[in-house]
Amino acid sequence: MEEREVVVIGAGPAGLSAALEAARAGAHVLLVDENSKPGGQLFKQIHKFFGSHEHRAGVRGIDIGTQLLEEAERLDIEVWLDAEACGIFNTTDVWIVRNKEKSVTVRAKRIILATGAVENSVNFPGWSLPGVMGAGAAQTMINLHRVLPGQKILMVGSGNVGIIVSYQLLQAGADVKAVVEAAPRLGGYGVHTAKVRRAGVPFYTSHTVLEARGTDHVESATIVQLDDKWKPIPGTEKELDVDTICIAAGLTPLVELAFAAGCEPLYSPLLGGMVPWHDRSMATSIPTIYLAGDISGVEEASTAMEEGRMAGLSAAYSLGYVDRETYAVGFDAAEKRMLALRSGMFGQKRRDAKAAIVGHSRG
Amino acid sequence: MIMMETKDTYEKGLKITGAPSLDELHASPCYQLPPKERRALAAVIECIEGIPCNPCETSCPVGAITVGDEITNLPVVDFEKCTGCGICVAACPGLAIYLKKYEFKENLSYIAFPFEYLPLPPEGATVQMVDRYGEYVCDGTVLRVVKIKRMDRTTVVHVSYPNDYYERVVNMKRLPAS
Amino acid sequence: MQRIIDHPVLGPLPEVKMVRIIVDGESLMAREGEMIAAALIATGKKYFRKTVKTHEPRGIYCGIGRCTDCVMTVNGIPNVRTCVTPVEEGMVIETQMGYGVWKQEQ
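If you read the protein sequences in the order shown, they are chains E, Z and W.
For the first sequence, the working numbering gives the first residue as 647, with consecutive numbering after it.
For the second sequence, the working numbering gives the first residue as 3, with consecutive numbering after it.
For the third sequence, the working numbering gives the first residue as 861, with consecutive numbering after it.
Same shape as in the complex, but just chain E (with noise of 0.2 Å):
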């Protein structure tokens, strides 16, 4: 068996800014990730983020995406990559699946779980032909393999992933035919909505995908009003021509191993759904496993890094790599950062439910 000081599974922003976090206190870390290359979904993020400076606002995510990995090689940090975890046993036992081909089993004494989220569909007849797709897919397909899944989109769903989406697929070159949104009033940030509506993109709040029509890929689909429970109103369908529907209704943590290992599950349904308790400090119920970024709970890149260095900061600390003062002053100053993040209309609800999660009394 292979032994580790820091495991950190997820090589995405929160998985990436815990490695570096634990490697700059001196531990030994290993970075693993089931994909061929690392940076999670960050180097989709074409745009640039918000924040403030120490969230390196301003920033392409893809620009960040390869600043983390340029200080991962600084710190030397070993990373895998075509690197499946497939379980946690005995609370510090990780079971890595490598090439496909390879089971290796490593120790470690600190585990950083940081394996993301995946997004939720939605479902409506035709929703399974091919052409209704994810968000975040219909990204991944222009940013990152420079392709485009469709001409003429119909997004469904109005948070930022589907406005920033919509956005980079018109910077593609594709045509977005409608956002249509089943909540009265738009979710995104107002200046991503603006700037899709200013290209001439029509919203419908109160809207929603009735059906998907065609026989071997999505040839047209149907749009309907909702009433104010949600249900949609005869006589107010619309057909729209289009080649292409993405789905953007949210994302729930992947969860898998944190509960397979036995940490204890918490209900957050504004984070995503099902997540693992976590202390302010990251650890879960297990004390040698620690979470990063969306899996503790649905947020953004900006937020998912913030996390990462606590968690690092955090498992560091817990081996003994920094003393007490330092670890407050790095650890009160990423949650400084984070707060900030978690502020205003938009992340005060976030603040609060993941204040929730951290103040659930166990047992």
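A couple of the hints might just be wrong.
Pairs of lysine to any residue, SDA-like flavour, derived with a Cα cap of 20 Å [claimed, not checked]: (1) W:K963 with W:V931; (2) Z:K149 with Z:K175; (3) W:K913 with E:S774; (4) W:K877 with E:R792; (5) Z:K151 with W:V869.
If you're looking for bench data, these hints aren't it; they were derived computationally from the structure.
Assemble chains Z and W onto chain E, guided by the hints.
Just chains Z and W now, kept in the frame of chain E:
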């Protein structure tokens, strides 16, 4: 009749149409249209929701934009200090800032707005100017197309357009693929 | 269903070596290292497999290897997630019917 309906819809505002209505903008301390008598370009910000973000403030070389300690405060431009340099236009992650000047020459106003689409218009081209809803308003003439490294792949397009649409115009229509 | 040749943020599509792949018997070119799904979308392929019972078409859904909707038979191995499997020179890719059939040589 159609016009009436359209206008009605527009007044429902940012969370319905996706674009801020003029009423919403006028009610927000963030939005200030540069007075017609002002001689230089000035930054106009349409960021009325209090999102956690402040590169507009930190990018301004003369301290003309204030957000403050709480990064969810609304940004406010001080026209006394603003030189119209345009650094904030490309620094704003939300693409919510443009520069404007009323009547920079006979009957023509001036706008410099962020533009992240291809193809870019050539200087001297006639382009279709749009309002906050993407509706065609009037033609404009491209004066400059600024694409420099510091702006990190956000191009700023400078256009002149008729004074009559000074407030209504905010950007241009995307050009068909070449 | 086309490649994005130029992009306002990402710039021109970088030149890479092209590799030959065989899709349902047809020889096609793909960009070295790209995911099978991307290569097939670029060629305009509408669906990647058909379901077991009702023979309905399926394509990509999540694009990051989670949902398994985009699986195909690749080099004789069924149920390969095409959105996270890169193309290789000479790769044989087949639209999968139902669960697919193992054809891998021993």
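The hints, checked one at a time:
1. W:K963 with W:V931: holds (16 Å)
2. Z:K149 with Z:K175: holds (18 Å)
3. W:K913 with E:S774: Distance of about 14 Å is within 20 Å: holds.
4. W:K877 with E:R792: With a Cα-Cα distance of about 15 Å, the restraint between K877 of chain W and R792 of chain E holds, given a limit of 20 Å.
5. Z:K151 with W:V869: holds (12 Å)
Checked against the numbered hints given earlier, this structure breaks none of them.
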